[in-house]
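Undergrad: Residue numbers (this note's numbering), protein chains in the order written: chain H, 1 to 144; chain B, 1001 to 1481.
Certain hints may be false.
[As the list claims (entries may be wrong)] Subject to a maximum C-alpha distance of 30 Å in a straight line, what follows is the list of computed DSSO-like cross-link-like pairs (lysine-lysine): (1) B:K1013 - H:K26; (2) B:K1441 - B:K1419; (3) B:K1419 - H:K26; (4) H:K67 - H:K26; (5) B:K1441 - H:K93; (6) H:K67 - H:K93; (7) H:K67 - B:K1193; (8) H:K93 - H:K26; (9) B:K1193 - H:K93.
Source of the hints: derived by calculation from the structure; they are not laboratory data.
Below are the chains, spelled out letter by letter.
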Amino acid sequence: MAWPGAGTTESAGHDFLDHTSEVTLKLWAGSFPGLLSEAAVGLSEWLTRSTPRVTHGEPREISLTAKDRESLLVAWLNELVFFGEAESWLVAKVDIEATETRLVARAEGIRLDRPAVGVKAATFHGLSLRRTDRGWEAEVTLDV
Amino acid sequence: MTTPRSGIADTAKRVSDTELEIPVSAREDLRVPARIFADETLWAQIRGDRTVEQIGNVATLPGIHRAAFAMPDAHEGYGFPVGGVAAFRTSDGVISPGGVGYDINCGVRLLSTPLLARDLDANIETLVHELSRSIPAGAGRESRFHMNDDELDRVLAEGCRYLVERGWALPEDLEHTEATGRLEGADPAAVSKRARDRGRNQLGTMGSGNHFVEVQRVERVLHPEAAEVMGLTEGSVTVLIHTGSRGFGHQVCTDYVALMDRVMPGYGIQLPDRQLACAPFDSVEGQEYWAAMCCAANFAWCNRQLITHVARQVFARLLGNDVELRLVYDVCHNIAKLEEYDGETLCVHRKGATRAFGPSNPETPLAYRSVGQPVFIPGSMGTASYVLVGTDEALDRSFGSACHGAGRRMSRGQARRTKHGREVRQELSDRGIVVRCPSLKELAEEAPYAYKDVDRVVQVVERAGLAEIVARLVPLGVVKG
């Protein structure tokens, strides 16, 4: 339990769990779109190793489709890994609409002064995503 | 951390003092047995995480030949364990991007020098400093070698041959690079724009994590004949470069794991772990991944070659133009290769494992036909590294493969909580090792105690007949990625 996550809402949050060679991002939120938002915030935090600054003027709309919720979560994180590394852009705040196989995200970003290269990819390894009494929970392993 | 997990590890039978076997009967879905090279101490560590379950998962993949192997440095990864070797028949088997890993053709190369460590004493601080200024390391430092699309295509298709043309590689460097620094199956058309965008400014950069450039002293020669062929003498200075295909390879893997996850059901492939996503080798998707993976492998060889070029410039500038840095060899430890065994063409996946061909193998460079292909096993930052040579015997035992490093035994978080980066730097400095690192946090994550004991790992490799120890190298200075 390295960095307890701040959470985008009261019922949402994230945490980083130890793994011998990688790191596992644990997520919880009241809704599936909320979980995807939390994933973005968690990734930004890992890549900057602190809670990202919220800045305005770097908006971005992202649409993605995948074959199921698990793939959508992994694809979303990998989308953000790409933007972080290729465009030095990370999510600060995001509103997401999502179904089981599609998401539309409207994000406000932060522009870094150098590429964020700390994560190679989000993986399917040990991926879990489940409904709980309080909403949704997931664990996704990042290759770092 | 070495609490044994239950499961198929309990079915392991010791075959020799360096090898265990998980029988094919251990799990209903295994197609072949799993073999683990370890003594009792390493076995206790290996069975402490999910390594054994993961090598079992590999043994379920279609077309797997003989057995799935775990090297003595094996530890839990994603999909394949790190330190895993598996070969699939190209006729009815698969190719798996997760079985190669994100850092395609991560590897190690060793350069010999005519210098003696005792002559370098006064200059080591300056030398390490200049290397760290000249070789971009850590998060997001950009390349000095900018490539337009056509030039990048040539890197991807031609590998190090193209760099000879540009004056960034010597012709003799090619012969001393695995596969001469170029896999022929490369087709830049199989690579996404995203992979290009991620990798474009990263040629000649080290990246972060466990990558490093180390200036070393040959502490001990244990196989004088092989050491002489390699130009290594006790007390001489060497340079070890450890890095891979950077964001380019990461994106190739990401793209093809996603593609194979989508198309796999159509091929009737069911997996115990989605990260093992794969497709038949001879399918459209299998062939596209192969073509893209070969591009990433060529990118990685060019990356290590460009760092070599810069290291040569730094040594010449500081120590004189007559100081020649000769490439001893360059080996990959995350790759799939086509090789012939038992009359079959196999796609051999080495994930955190090094090819270790013996003297009689035609792919062993001519210069090393009397001793075997050089194998380099970097220790963790600040500990010893080893030079070995492959054996002919390894072909039968492990598809001609040996280990790739010490292997992690602690998570990054655990390593950080054990000591602060400042303490780690001080301890290295107290031992006379000059360290340059862009992040103290990452220095703590890569501290020597976070890894298995490299001395034990290579001893097991030698006792198991996979490779022979040639020399032990100790660090004088480290530039950490």
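Undergrad: Next pair to validate is K1193 of chain B with K93 of chain H; report whether the Cα-Cα distance is within 30 Å.
TA: holds, 27 Å
Undergrad: Compare the distance between the alpha carbons of K67 of chain H and K26 of chain H with 30 Å, and conclude whether the hinted pair is satisfied.
TA: holds, 22 Å
Undergrad: Would you mind confirming whether the straight-line C-alpha gap from K1419 of chain B to K26 of chain H stays at or under 30 Å?
TA: holds, 25 Å
Undergrad: What's the verdict on K1441 of chain B and K1419 of chain B, does the C-alpha distance respect the 30 Å limit or exceed it?
TA: holds, 10 Å
Undergrad: For K93 of chain H and K26 of chain H, compute the direct alpha-carbon distance and say whether it is at most 30 Å.
TA: Holds, at roughly 18 Å.
Undergrad: Sort out whether K93 of chain H lies within 30 Å of K1441 of chain B, counting only the CA atoms.
TA: Judged against 30 Å, a Cα distance of about 26 Å means the pair holds.
Undergrad: Take the C-alpha atoms of K67 of chain H and K1193 of chain B, compute the straight-line distance between them, and say whether it is at most 30 Å.
TA: holds, 23 Å
Undergrad: Do the alpha carbons of K1013 of chain B and K26 of chain H lie within 30 Å of each other, as the hint requires?
TA: Violated - the C-alpha atoms of K26 of chain H and K1013 of chain B are around 36 Å apart, more than 30 Å.
Undergrad: Going straight from one Cα to the other, do K67 of chain H and K93 of chain H come out at no more than 30 Å?
TA: holds, 26 Å
In the structure shown, a violation is registered for the earlier hint numbered 1 alone.
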